[in-house]
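In the order they appear, the protein sequences are chains A and B.
Okay, so the first sequence: first residue is 1 according to this note's numbering, each after it adds one.
Okay, so the second sequence: first residue is 335 according to this note's numbering, each after it adds one.
No lab work stands behind these hints, which were simulated from the structure alone.
Even glycine gets a Cβ: it sits at the ideal position worked out from N, Cα and C.
Hints are not guaranteed to be accurate.
As the list claims (entries may be wrong) - Distance condition first, Cα-Cα at most 25 Å in a straight line; then the derived DMTMM-like pairs of lysine to aspartate or glutamate:
#1 B:LYS356 - A:GLU274
#2 A:LYS38 - A:ASP134
#3 A:LYS10 - B:ASP394
#4 A:LYS38 - A:ASP229
Said to hold, decoys possible - Ranges between beta-carbon positions, derived for each pair:
#5 B:VAL450 - A:THR209: 40 to 48 Å
#6 A:ALA150 - B:PHE361: 27 to 35 Å
#7 A:SER122 - B:TRP437: 48 to 56 Å
#8 A:GLY308 - B:LEU346: 22 to 30 Å
#9 A:GLU195 - B:PHE361: 42 to 50 Å
#10 B:LEU368 - A:VAL21: 51 to 59 Å
#11 B:GLY379 - A:TYR28: 44 to 52 Å
#12 B:PHE383 - A:SER257: 41 to 49 Å
#13 A:ILE17 - B:ILE357: 43 to 51 Å
#14 A:GLU195 - B:TRP437: 41 to 49 Å
#15 A:GLU149 - B:ILE357: 55 to 63 Å
#16 B:GLY440 - A:GLY289: 26 to 34 Å
#17 B:PHE361 - A:GLY289: 50 to 58 Å
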Amino acid sequence: MKNSHKFSAKRIRWTAILIIVMILSSAYTLLDAFVIPKSYVVVAQEQIGNEVIDIQDDTKVDNIEVVEMSTSNNQVDEAQTDGVQTEVSITDHSYIDEHINISIETIEEDGVVFYVADVQLSDASYLKTAFANDIFGKNITETTSEMAEANNAIFAINGDYYGFRDTGLVIRNGILYRDVSSNTTNDQSLTIDSEGNLGFVDNDESIGTELIESGILQSFTFGPTLVVDGQVSATNEDIVSHHVQQSNPRTAIGQISPLHYLFIVVDGRADESEGMTLQELAQAFVDRGATVAYNLDGGGSSAMWLNGNIINNPTSGRKDGERKISDIIYIGNE
Amino acid sequence: MNLNKTIIRYVLYAIGVFLFAKIYTLFGHGVTSLWMSNAYLYLLGLGAFVFILLKIILPDIAQYKGYRLFCQTYNSGMAILINGMLLYGILEIAGGTSVYVSWFFGVGIGFMAIGVALFMKTMISKDVLPSSV
């Protein structure tokens, strides 16, 4: 009996210690995942390739003089770029200059509101990405608007929220930041090469260095792949059995032809718009002629920004407004 | 360590984890996690079912020396493992990952393995508790 009591006391002590350790370690795991900011690399201008720096020096968009046109929300700017006059036409839903043509269409269809940005560029260097606070890290976040404004963007959408995960390939503006293969169910990462073409690579191996050597400038790991060769990626198991199957706010990028892109952002989790399933989103790209398309971070992160204004209605379903995220894809002169 | 009590506890824990997963998923906007949804099955399969088997095959196991230590270690491992599954589920639903979750799986399975080893040792030695002699 004495032994039994002794063991019971030990058991209670052990159980108490175990519970305390589990609570503390669980709390730390969740804080590490959701709250504690960690900076891994501060992106200095010197880290960006020479080609990009040269483009920045050439354009000097800060010197744009705005000339008001006849209508209040339709204006033409004249940009003085090293002696070359560039005409810029800006409306609430478009931006046109000699290198960049962006037009956004708002579509209401079957209880879903979504925004299709048709973007045509003269050079792939106008398609860029940015990190929140110019820092590659974890839990370092800004809204899409803040990042777009900080980078003098013309147009921007949310990226893949790489900072919420510890794995997944991260190449941005030609720099390899993370080469840890993703062990998620999403089987492919999206890549953008120096010609501006979208492609896909498998997530099951670390091939970041090879990709950089082959001229890949950007990569995104979220997925799944929506469209391949102009067809809904229906054979891809992720699109059929993805764990995010219900209608939700979505953000995705697609390509129609060289330097011709589609960005689709879908409103969701609201009375006005329930959102789209991945299959519906993929079909929306196919219907508009996209040959390839890839799903990015959605839900409360989904945001489309043009000329200083948010175009869509971002909401997490519980809280309206832009969510702070870790990265954006943007179109910009600078 | 009464076998019946242990079995009932595992069933109650499984019900608790099942309800937690169901309620948590309600707020997930349709995003689900198999790890979280199925965690209760591990409690039933590796918990309740194992002890039901022991009760059928070795009804007098409680009198063996080392059995209580086996229970303590094995149950601790199960608790850590299930905790890890729920954490993984929370992160998966949010779209995130954490390197630390694998520690829960590793430590949990490690404890369970030690528990099984202790059980095997008990079965080989067949030493009974002094009070049972």
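So, going through the hints one by one against the coordinates:
For the given pair, B:LYS356 sits about 22 Å from A:GLU274 by alpha-carbon distance, which is consistent with the 25 Å threshold. Of the pairs offered as hints, the one joining A:LYS38 and A:ASP134 holds, with about 13 Å between alpha carbons and a cut-off of 25 Å not exceeded. Proximity of A:LYS10 to B:ASP394 is assessed by CA-CA distance (about 23 Å); at most 25 Å being required, the pair is judged to hold. This hinted pair does not check out: A:LYS38 and A:ASP229 have alpha carbons roughly 39 Å apart, beyond 25 Å.
The hinted range of 40 to 48 Å is satisfied by B:VAL450 and A:THR209, whose Cβ atoms lie roughly 43 Å apart. The supplied range of 27 to 35 Å is met by A:ALA150 and B:PHE361, whose beta-carbon atoms lie about 33 Å from each other. Roughly 51 Å separates the CB atoms of A:SER122 and B:TRP437, a value that falls within the hinted 48 to 56 Å. Our hint of 22 to 30 Å for A:GLY308 and B:LEU346 is violated, since their Cβ atoms are close to 57 Å apart.
For the pair A:GLU195 and B:PHE361, the supplied restraint of 42 to 50 Å holds, since their beta-carbon distance comes to about 43 Å. Remark: the range hint 51 to 59 Å for B:LEU368 to A:VAL21 is contradicted by a beta-carbon distance near 26 Å. For B:GLY379 paired with A:TYR28, a C-beta distance near 29 Å fails the hint of 44 to 52 Å. Against the hinted window of 41 to 49 Å, the Cβ-Cβ separation of B:PHE383 and A:SER257 comes to about 59 Å, which falls outside the hint.
Here the CB-CB span from A:ILE17 to B:ILE357 is close to 29 Å, at odds with the stated 43 to 51 Å. At about 43 Å, the CB distance of A:GLU195 to B:TRP437 agrees with the hint of 41 to 49 Å. Checked against the hint of 55 to 63 Å, the C-beta distance between A:GLU149 and B:ILE357 comes to roughly 40 Å, which is inconsistent with it. The given range of 26 to 34 Å is broken by B:GLY440 and A:GLY289, whose C-beta atoms sit roughly 49 Å from each other.
At about 38 Å, the beta-carbon gap between B:PHE361 and A:GLY289 misses the expected band of 50 to 58 Å.
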